[in-house]
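Chemist: Chain by chain, the residues run as shown.
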Amino acid sequence: MSFRFGHMLGIEPLSADEIVFLLDQSKPFQEIQKHPLKKLATLRGKTVALAFFEPSTRTRISFATAASRLGADQMNLQAESSSLKKGESLLDTIRTLDAMKPDCIVIRHSSSGAPEFVTRHLPLPVINAGDGTHEHPTQALLDALTIRDRRGTLENLNITILGDILHSRVARSNIHLLTKFGCRFTLCGPPMWVPREIDCIGPPGASIRRVGKIEEALEGADAVLTLRVQQERLYEPALALDEYILQYQLTPERLRLAKPGALVLHPGPMIRGLEIDPAVADGPQSCVLDQVTNGLAVRMALLFMMIGAHADAPSEKDSSHAAD
Amino acid sequence: MHIVEKSQLMTATEIDRTVQRLAHEIVEKSGGTANLALIGIRRRGVPLAARIAQAMRGIDGVDVPVGTLDITLYRDDLSKVAAHPVLQSSDIPFSVDDKDLVVVDDVLYTGRTIRAAMNGLFDLGRPKRVRLCVLIDRGHRELPVEATFIGRTVQTSDAEIIEVRLNEIDREERVVLVERVP
Numbered sequence: 001m002s003f004r005f006g007h008m009l010g011i012e013p014l015s016a017d018e019i020v021f022l023l024d025q026s027k028p029f030q031e032i033q034k035h036p037l038k039k040l041a042t043l044r045g046k047t048v049a050l051a052f053f054e055p056s057t058r059t060r061i062s063f064a065t066a067a068s069r070l071g072a073d074q075m076n077l078q079a080e081s082s083s084l085k086k087g088e089s090l091l092d093t094i095r096t097l098d099a100m101k102p103d104c105i106v107i108r109h110s111s112s113g114a115p116e117f118v119t120r121h122l123p124l125p126v127i128n129a130g131d132g133t134h135e136h137p138t139q140a141l142l143d144a145l146t147i148r149d150r151r152g153t154l155e156n157l158n159i160t161i162l163g164d165i166l167h168s169r170v171a172r173s174n175i176h177l178l179t180k181f182g183c184r185f186t187l188c189g190p191p192m193w194v195p196r197e198i199d200c201i202g203p204p205g206a207s208i209r210r211v212g213k214i215e216e217a218l219e220g221a222d223a224v225l226t227l228r229v230q231q232e233r234l235y236e237p238a239l240a241l242d243e244y245i246l247q248y249q250l251t252p253e254r255l256r257l258a259k260p261g262a263l264v265l266h267p268g269p270m271i272r273g274l275e276i277d278p279a280v281a282d283g284p285q286s287c288v289l290d291q292v293t294n295g296l297a298v299r300m301a302l303l304f305m306m307i308g309a310h311a312d313a314p315s316e317k318d319s320s321h322a323a324d
Numbered sequence: 001m002h003i004v005e006k007s008q009l010m011t012a013t014e015i016d017r018t019v020q021r022l023a024h025e026i027v028e029k030s031g032g033t034a035n036l037a038l039i040g041i042r043r044r045g046v047p048l049a050a051r052i053a054q055a056m057r058g059i060d061g062v063d064v065p066v067g068t069l070d071i072t073l074y075r076d077d078l079s080k081v082a083a084h085p086v087l088q089s090s091d092i093p094f095s096v097d098d099k100d101l102v103v104v105d106d107v108l109y110t111g112r113t114i115r116a117a118m119n120g121l122f123d124l125g126r127p128k129r130v131r132l133c134v135l136i137d138r139g140h141r142e143l144p145v146e147a148t149f150i151g152r153t154v155q156t157s158d159a160e161i162i163e164v165r166l167n168e169i170d171r172e173e174r175v176v177l178v179e180r181v182p
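Chains as they are written, first to last, in my numbering: chain B, 1 to 324; chain W, 1 to 182.
Below, in silico cross-link-like pairs of lysine-lysine (BS3-like), each with a Cα-Cα straight-line distance of 25 Å or less:
no.: 1; chain 1: B; residue 1: K39; chain 2: B; residue 2: K27
no.: 2; chain 1: B; residue 1: K213; chain 2: B; residue 2: K259
no.: 3; chain 1: B; residue 1: K101; chain 2: B; residue 2: K46
no.: 4; chain 1: W; residue 1: K128; chain 2: B; residue 2: K39
no.: 5; chain 1: B; residue 1: K38; chain 2: B; residue 2: K27
no.: 6; chain 1: B; residue 1: K34; chain 2: W; residue 2: K128
no.: 7; chain 1: B; residue 1: K27; chain 2: B; residue 2: K46
no.: 8; chain 1: W; residue 1: K128; chain 2: B; residue 2: K38
no.: 9; chain 1: B; residue 1: K101; chain 2: B; residue 2: K39
Residues on chain B that point at chain W, a partial pick, calculated with CB under 7 Å:
no.: 10; residue: Q25
no.: 11; residue: K27
no.: 12; residue: P28
no.: 13; residue: H35
no.: 14; residue: L37
Computed list of chain B residues with no C-beta within reach of chain W, every gap over 10 Å:
no.: 15; residue: A79
no.: 16; residue: D98
no.: 17; residue: T119
no.: 18; residue: F181
no.: 19; residue: E216
Think of the hints as simulated: they come from the structure by calculation, not from any bench. Ideal placement from N, C-alpha and C gives every residue a C-beta, glycine not left out.
With these hints in hand, go ahead and build the complete structure from the sequences.
Modeler: Have a look at this one:
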């Protein structure tokens, strides 16, 4: 299929075919993680700028490792140690990075739409590594890859999301992605974290329902996505920690209400004993570590497609003739 | 620009006879099939490797392990290959360490594919020996790469293209010489 990534800003504008293509392209990179030598020279001489304006451990390490394994160099900008602290604007920071001539920018920012803003000012390919409460496309892609590997399909599954959906870009990107494949969503959490507007995400007619009781929400689920309880927000509308555990923690007993073998996903960082019982986190249904490995594969595939092959290249037909 | 067929280089029977001969040559020069393994390069090296392995079974009664290698990620001219090359999985279900490998491809041309294949193989381990088997050697090398086992050597000009068409991929079975006409 013909396919072109200018940027990767979100899942919403992608078609189901494009998503399947991306997941298929990730397969060879999953295998590379099993090789004794994991480093390729495919992106040798390219530079990936990692601009993380918000703290991140796993996503940043994952992108950095993905770039390294493809042979690319990196520029690293971290909020904590950057001149952002000194009051530099987003645009000035990004322009400074651009002046050092990277081949693409991976950006995380606490404001929704920041990566899109950057694309309007720079000629470089931009990858959104999470922006505000908008989207986290690579997380949704790695979740989809994990689900498809374990279930064999993405079509028509029942997906339950537990926790703080209001603040979660992971939930939004997952809903955008999986509703394109006819998946039905059940959202459950404290009422102030499960906004009404969430029903509007996804294509017209997408099945998204809000359920108050976790037991009801888990019934018939093929996959359960647990979100981190963002403790920094917990006390604002007066919800106590032990109350959350009592009402919404994913325990082995509750998980039994889902379909046998239902998958448990968590985008991390995971707070054991809060949103998830350790027995579930370490149980056979947990996909948490697969998610991390698949994250590398998805990000390698994305970097490979965005900066590894050039738009000015001849069509595949011509070159397959010329290739020896 | 379109492509005009100039001549037929091999018929289905000739391809089959050549594959049989190549299988015999590999077994003979390797002193048997012990420690031998074949690696087919995607795409048309894959069915050729499978056919050579089948022929070897007829000769020695032994199943020689066969793997497949996708070299897209190892090309040094990736930007010239396609705007968005479709990656396929490599599938080598055995350890290449200390193996006597024969890499199989349809056409040997610049040698760049083979260089990429060797990079790919050495990421997987350290083979004892690597040799190359091709159905057609058409010349015009850009790297110091030569094949040990060659089906047929063909003199070509730069404008000419050799198309190996195999039933498994192309639903026809012949080798043709074509030319690009502007």
